[in-house]
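**Student:** Residue strings, one per chain:
Number of protein chains: 2
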Amino acid sequence: MSIKLSKISTLPPDDLTKKKHEAKTIEMVIKIGELQHKLYAEGKQSLLVILQGMDASGKDGTVKTVFADCNPTGIDTYAFKKPTDEEFAHDFLWRVHHKAPLKGNIMIFNRSHYEDILIQRVHKWITEEKAEKRMKAINAFEELLEFDNNTKVLKFYMHISQERQQEKLQEHIDDPAKNWKHKAADWDENDHWDEYMRCYEYAINESKIPWSIAPSDKRWYRNYFIAKKVLETLEAMNPQLPILDKSNGGS
Amino acid sequence: MSIKLSKISTLPPDDLTKKKHEAKTIEMVIKIGELQHKLYAEGKQSLLVILQGMDASGKDGTVKTVFADCNPTGIDTYAFKKPTDEEFAHDFLWRVHHKAPLKGNIMIFNRSHYEDILIQRVHKWITEEKAEKRMKAINAFEELLEFDNNTKVLKFYMHISQERQQEKLQEHIDDPAKNWKHKAADWDENDHWDEYMRCYEYAINESKIPWSIAPSDKRWYRNYFIAKKVLETLEAMNPQLPILDKSNGGS
Numbered sequence: 001m002s003i004k005l006s007k008i009s010t011l012p013p014d015d016l017t018k019k020k021h022e023a024k025t026i027e028m029v030i031k032i033g034e035l036q037h038k039l040y041a042e043g044k045q046s047l048l049v050i051l052q053g054m055d056a057s058g059k060d061g062t063v064k065t066v067f068a069d070c071n072p073t074g075i076d077t078y079a080f081k082k083p084t085d086e087e088f089a090h091d092f093l094w095r096v097h098h099k100a101p102l103k104g105n106i107m108i109f110n111r112s113h114y115e116d117i118l119i120q121r122v123h124k125w126i127t128e129e130k131a132e133k134r135m136k137a138i139n140a141f142e143e144l145l146e147f148d149n150n151t152k153v154l155k156f157y158m159h160i161s162q163e164r165q166q167e168k169l170q171e172h173i174d175d176p177a178k179n180w181k182h183k184a185a186d187w188d189e190n191d192h193w194d195e196y197m198r199c200y201e202y203a204i205n206e207s208k209i210p211w212s213i214a215p216s217d218k219r220w221y222r223n224y225f226i227a228k229k230v231l232e233t234l235e236a237m238n239p240q241l242p243i244l245d246k247s248n249g250g251s
Numbered sequence: 001m002s003i004k005l006s007k008i009s010t011l012p013p014d015d016l017t018k019k020k021h022e023a024k025t026i027e028m029v030i031k032i033g034e035l036q037h038k039l040y041a042e043g044k045q046s047l048l049v050i051l052q053g054m055d056a057s058g059k060d061g062t063v064k065t066v067f068a069d070c071n072p073t074g075i076d077t078y079a080f081k082k083p084t085d086e087e088f089a090h091d092f093l094w095r096v097h098h099k100a101p102l103k104g105n106i107m108i109f110n111r112s113h114y115e116d117i118l119i120q121r122v123h124k125w126i127t128e129e130k131a132e133k134r135m136k137a138i139n140a141f142e143e144l145l146e147f148d149n150n151t152k153v154l155k156f157y158m159h160i161s162q163e164r165q166q167e168k169l170q171e172h173i174d175d176p177a178k179n180w181k182h183k184a185a186d187w188d189e190n191d192h193w194d195e196y197m198r199c200y201e202y203a204i205n206e207s208k209i210p211w212s213i214a215p216s217d218k219r220w221y222r223n224y225f226i227a228k229k230v231l232e233t234l235e236a237m238n239p240q241l242p243i244l245d246k247s248n249g250g251s
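Chains as they are written, first to last, in the numbering used here: chain A, 1 to 251; chain B, 1 to 251.
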């Protein structure tokens, strides 16, 4: 089944209310914290959360809200930027693989290896053939994490409309508290919107491990949607606190 | 085409003489040093040499002889041992990927990711199903290095007979200068010889990037064989010293 992003709404379903769902999100965030504690204590499985989306789609805000109740000891987040010289001297997955989560941990990628078939493809820094080879390598890499390290890979495309993105980028200029987020280059990337959508659709449709499309025009619904999926995933992983067998002296 | 190790000789071809081929090896070792210098200066391609073989098959000696004339700045070697706790908390390729060579460099693996489908499989620490999944992951990993980082992957199986191995292990006991190499566990692994051969054959036959089988009962021929293949590979990579274009001031 092939998805078409322009056919998917960036808004919450009509019948949902902000107030009620913000309260539900808070409840879920607490449960996520409890399950993260168990995951860490158990030390047998790990969770990799990948957040991808256009600029201003809410990646930072999602991390801050959804994982607010996790113990920093067992969770880490990494924002992938332009590769360093050392990273450029290796294959594109080299720096990414090194950041894969330890057993017992949650790792959140703010951007990821998908940039290597998004921004690099949009700007034609790589050939279409190389993009296709990289997609196959990504599938093999994500499957490796799952089968060899009990890592659950959870990928979100933060689906925002171009109009809403423009509003948020303008906020970065208008609101002094958000000025630090302003980058002129974000506006330039906007000229490539349609090409980005084509490349995102390719990545989503060719991935063996499925994506969740998070409608992200409204912060409250984006947080609710992602918290719900993260919670369901952790519940299905069902981490267990190890209990000592006291019958043999606890060894 | 499927290979059967028991059908392949561990000895040099009859018509080769030790003295003459030792001299040839020395010539090749010098040329390897010259090409390694160019590879480093060029900074566009890299070479990964993987040495696998039973204990005492000559991995250390090969590194010492064949790469004797390389500049340590552009070459590195890594001997994979039992994984650390941190390594065990990741997939089996995690620690290996991190050691992949930079563009411009040669990396030599003394043992490698293949141990994860050799010793682990022989001792049944992993299921046959997991060994097969790992083999597929290895193929994807090695291909990634080749297509995304211009890394040539050169793999040697150091083919030694069980009789010759016993002799060399005995030398580790009898010769005080070699006592440091003695490990009682090496003798225990010997009980699993046939199973090791089965797992090596699987790895060699299922690999997409081909192996070279280096007859290793005689040190001089093993060195000659491996130096020849390394030299041919570097010649085919054909690294070029970058030359300044002085017409525009050398920029």
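Don't read these hints as lab results, they were simulated from the structure. No residue lacks a Cβ here, since even glycine has one placed at the ideal position from N, Cα and C. Where hints are given, some of them may not hold.
Claimed, not checked - No farther apart than 27 angstroms at their CA atoms in a straight line, the calculated lysine-lysine pairs in the DSSO-like style are these: (1) Lys20(B) <-> Lys99(A); (2) Lys208(B) <-> Lys130(A); (3) Lys99(A) <-> Lys178(B).
To be verified - Label pairs and their calculated CB-CB ranges: (4) Thr73(A) <-> Pro176(B): 48 to 58 angstroms; (5) His123(B) <-> Glu146(A): 18 to 28 angstroms; (6) Leu16(A) <-> Glu206(B): 23 to 33 angstroms; (7) Asp186(A) <-> Ala79(B): 39 to 49 angstroms; (8) Asn139(A) <-> Lys82(B): 24 to 34 angstroms; (9) Ile3(A) <-> Ile126(B): 30 to 40 angstroms.
To be verified - Okay, the calculated bits of chain A under chain B, using three or more residues with CB under 8 angstroms as the criterion: (10) 95-103; (11) 133-143; (12) 146-155.
**Student:** All hints are to be evaluated individually against the structure, with a verdict given for each.
**Tutor:** Checked hints:
no.	hint	in the structure
1	Lys20(B) <-> Lys99(A)	violated, 50 angstroms
2	Lys208(B) <-> Lys130(A)	holds, 19 angstroms
3	Lys99(A) <-> Lys178(B)	violated, 40 angstroms
4	Thr73(A) <-> Pro176(B): 48 to 58 angstroms	holds, 49 angstroms
5	His123(B) <-> Glu146(A): 18 to 28 angstroms	holds, 24 angstroms
6	Leu16(A) <-> Glu206(B): 23 to 33 angstroms	violated, 51 angstroms
7	Asp186(A) <-> Ala79(B): 39 to 49 angstroms	holds, 47 angstroms
8	Asn139(A) <-> Lys82(B): 24 to 34 angstroms	holds, 30 angstroms
9	Ile3(A) <-> Ile126(B): 30 to 40 angstroms	holds, 36 angstroms
10	95-103	holds (count 5)
11	133-143	holds (count 7)
12	146-155	holds (count 4)
In this structure, the earlier hints numbered 1, 3, 6 are contradicted, and the remaining ones agree with it.
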